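**Q** Sequence:
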Amino acid sequence: MFRNIMALPKAMSLGSFTNGFIAWLFGATGPLLIVLQAAAQGHLQEAETTSWIFGIYVVPGCLTLLQALLFRQPIGFAFSIPGAVLVGQTLAHHSFSDVIGAYLITGAVIFILGITGVIDRLMRVLPMPVMMGMVSGVLLPFGIDLFRAVREEPLVNGVPLFVFMVCHLTPRVARTFPPVLAAILATALTLILAHQVHVTGAPVAIAKPHLYMPTWSGETISQLVLPLVLTVVAIQNAQGIAVLQSEGYQPPVNSMTRWSGIGSIVNGLVGAHTACVAGPMTALLTGEESGAADQKYSSAVVLGVLSIVFGLFAPIAASIPHAVPQSTIAMLGGIAMISVLTDALKMSFGGGFKKSALFSFLITVSGVSVLHIGSPFWGLVGGVCASYVLERDDHATLSRHTTVDASH
102 MFRNIMALPK AMSLGSFTNG FIAWLFGATG PLLIVLQAAA QGHLQEAETT
152 SWIFGIYVVP GCLTLLQALL FRQPIGFAFS IPGAVLVGQT LAHHSFSDVI
202 GAYLITGAVI FILGITGVID RLMRVLPMPV MMGMVSGVLL PFGIDLFRAV
252 REEPLVNGVP LFVFMVCHLT PRVARTFPPV LAAILATALT LILAHQVHVT
302 GAPVAIAKPH LYMPTWSGET ISQLVLPLVL TVVAIQNAQG IAVLQSEGYQ
352 PPVNSMTRWS GIGSIVNGLV GAHTACVAGP MTALLTGEES GAADQKYSSA
402 VVLGVLSIVF GLFAPIAASI PHAVPQSTIA MLGGIAMISV LTDALKMSFG
452 GGFKKSALFS FLITVSGVSV LHIGSPFWGL VGGVCASYVL ERDDHATLSR
502 HTTVDASH
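Each residue of the sequence shown is one higher than the one before, starting from 102 at the first, in our numbering.
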């Protein structure tokens with residue numbers, strides 16, 4: 102880790118800073134609104150909400166720094182967005198302390214899965230195109246929302262997209278000055294000129310997290326634990342792992358799973374829900390603007406630092422999502438996701454398992470939810486099942502390659 106810290110200044114670039122900033126901006130806006138809505142559903146007090154916000158940014162920020170600096174990979178941690186939706190529904194009918202008890206059990210289960218190595222072995226046998234089909238389905242809305250945002254605000258959101266395209270006309274300029282950064286600067290200018298920056302008068306204060314004692318309810322545990330575990334392990338973490346593998350990394354699956362469990366336990370103690378590897382945010386960190394493969398971890402460091410600072414100022418964090426139009430955030434996320442989505446689709450349909458990858462992609466895009474478990478999980482399940490029916494020859498090839506790799 103010390104060697105990676107010392108190499109950080111050379112690894113840092115405008116591109117890596119930009120991608121880290123956009124990944125943070127994504128996590129600090131729309132997802133936070135979902136958490137605030139969940140807190141409102143549970144009628145939580147201001148202190149409880151502040152502690153929740155502190156947990157879901159400071160703890161994942163620390164985990165991001167730890168994993169990125171330890172393994173020199175662009176691993177981004179955050180909180181489970183579908184988990185926040187599920188928690189909001191549960192808080193409407195269960196006590197906050199019972200929900201915290203479910204958080205702690207969820208974290209313990211995830212930690213056990215990490216130390217047993219089950220997830221690592223599972224990820225080794227899943228067909229990569231099927232996993233990338235699921236990832237492509239998750240990332241596709243970012244690309245669609247880019248053009249919806251331009252349609253909604255043609256001037257404010259269209260000008261940055263135009264600037265992004267123009268920057269690519271000169272490859273030498275694009276290598277020196279990242280087009281995504283140019284789009285951010287153009288966005289800031291157009292928002293100011295259009296008077297669409299709204300800063301509220303929230304007091305500037307450092308967060309004071311609270312430690313909460315759990316209570317144990319069988320009904321709450323049965324409703325929350327399994328869906329939360331699956332959203333972390335089989336949806337969020339699986340996306341991040343697949344993205345890293347598609348970029349040529351060998352992600353530390355067991356470590357990522359263990360620390361997701363530890364982070365979830367720590368989060369639970371301060372009233373926050375599960376920590377996990379952030380699939381879309383990790384995808385943003387791996388963008389080509391972040392530099393060479395051994396330099397992209399610097400973008401994760403940027404994300405980690407910004408997340409920690411944001412969480413420390415949790416009392417004013419609630420005002421951030423309302424400062425700029427949500428369509429503008431969607432536009433920036435879509436621009437940053439272009440190269441990532443291109444690579445994901447190529448990995449999905451550029452080799453074997455094309456039909457099962459399509460099953461995985463379509464099920465994920467459908468948005469189907471069964472047993473409070475989101476479509477990415479069912480996309481992965483459906484794609485794997487389809488592969489055994491439609492593409493048994495590809496499975497035979499995969500088995501031979503796995504046997505050869507194991508022998509080495």
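Hints listed in this document are in silico derivations from the structure and should not be mistaken for laboratory results.
None of the values given here were measured: they were computed from a predicted structure.
Backbone N, C-alpha and C fix where the C-beta goes; we use that ideal spot for every residue, glycine too.
You may find that some hints are simply not true.
[Said to hold, decoys possible] Think about it this way: if two alpha-carbon atoms lie no more than 20 Å apart in a straight line, the pair counts; the simulated SDA-like pairs of lysine to any residue are:
no.: 1; residue 1: Lys309; residue 2: Phe197
no.: 2; residue 1: Lys456; residue 2: Asp494
no.: 3; residue 1: Lys455; residue 2: Ile409
no.: 4; residue 1: Lys455; residue 2: Cys486
no.: 5; residue 1: Lys456; residue 2: Ile417
no.: 6; residue 1: Lys455; residue 2: Val471
no.: 7; residue 1: Lys455; residue 2: Phe414
no.: 8; residue 1: Lys456; residue 2: Phe414
no.: 9; residue 1: Lys455; residue 2: Leu442
no.: 10; residue 1: Lys111; residue 2: Phe278
no.: 11; residue 1: Lys455; residue 2: Met224
no.: 12; residue 1: Lys456; residue 2: Ser347
no.: 13; residue 1: Lys455; residue 2: Phe278
no.: 14; residue 1: Lys447; residue 2: Phe278
no.: 15; residue 1: Lys455; residue 2: Val482
no.: 16; residue 1: Lys456; residue 2: Ile439
no.: 17; residue 1: Lys309; residue 2: Ala148
no.: 18; residue 1: Lys455; residue 2: Ala394
no.: 19; residue 1: Lys309; residue 2: Ile409
no.: 20; residue 1: Lys455; residue 2: Glu147
no.: 21; residue 1: Lys111; residue 2: Phe197
no.: 22; residue 1: Lys309; residue 2: Phe414
no.: 23; residue 1: Lys309; residue 2: Ala129
no.: 24; residue 1: Lys309; residue 2: Glu147
no.: 25; residue 1: Lys309; residue 2: Phe118
no.: 26; residue 1: Lys447; residue 2: Gly349
no.: 27; residue 1: Lys447; residue 2: Gln146
no.: 28; residue 1: Lys447; residue 2: Ala394
no.: 29; residue 1: Lys309; residue 2: Cys486
no.: 30; residue 1: Lys447; residue 2: Ile409
no.: 31; residue 1: Lys456; residue 2: Met229
no.: 32; residue 1: Lys111; residue 2: Ala393
no.: 33; residue 1: Lys309; residue 2: Ile366
no.: 34; residue 1: Lys447; residue 2: Ser428
[What the hints assert, rightly or not] Pair by pair, the computed Cβ-Cβ distance ranges are:
no.: 35; residue 1: Ala497; residue 2: Ile307; range: 50 to 60 Å
no.: 36; residue 1: Phe263; residue 2: Ser467; range: 11 to 21 Å
no.: 37; residue 1: Ala306; residue 2: Lys455; range: 45 to 55 Å
no.: 38; residue 1: Leu134; residue 2: Gly451; range: 31 to 41 Å
no.: 39; residue 1: Leu115; residue 2: Thr316; range: 17 to 27 Å
no.: 40; residue 1: Asp395; residue 2: Gly451; range: 16 to 26 Å
**Q** Would you pick out the hints that fail for this structure and give their numbers low to high?
**A** Per hint list: 3, 5, 6, 7, 8, 13, 14, 16, 18, 20, 21, 25, 27, 29, 30, 34, 36 and 39 violated.
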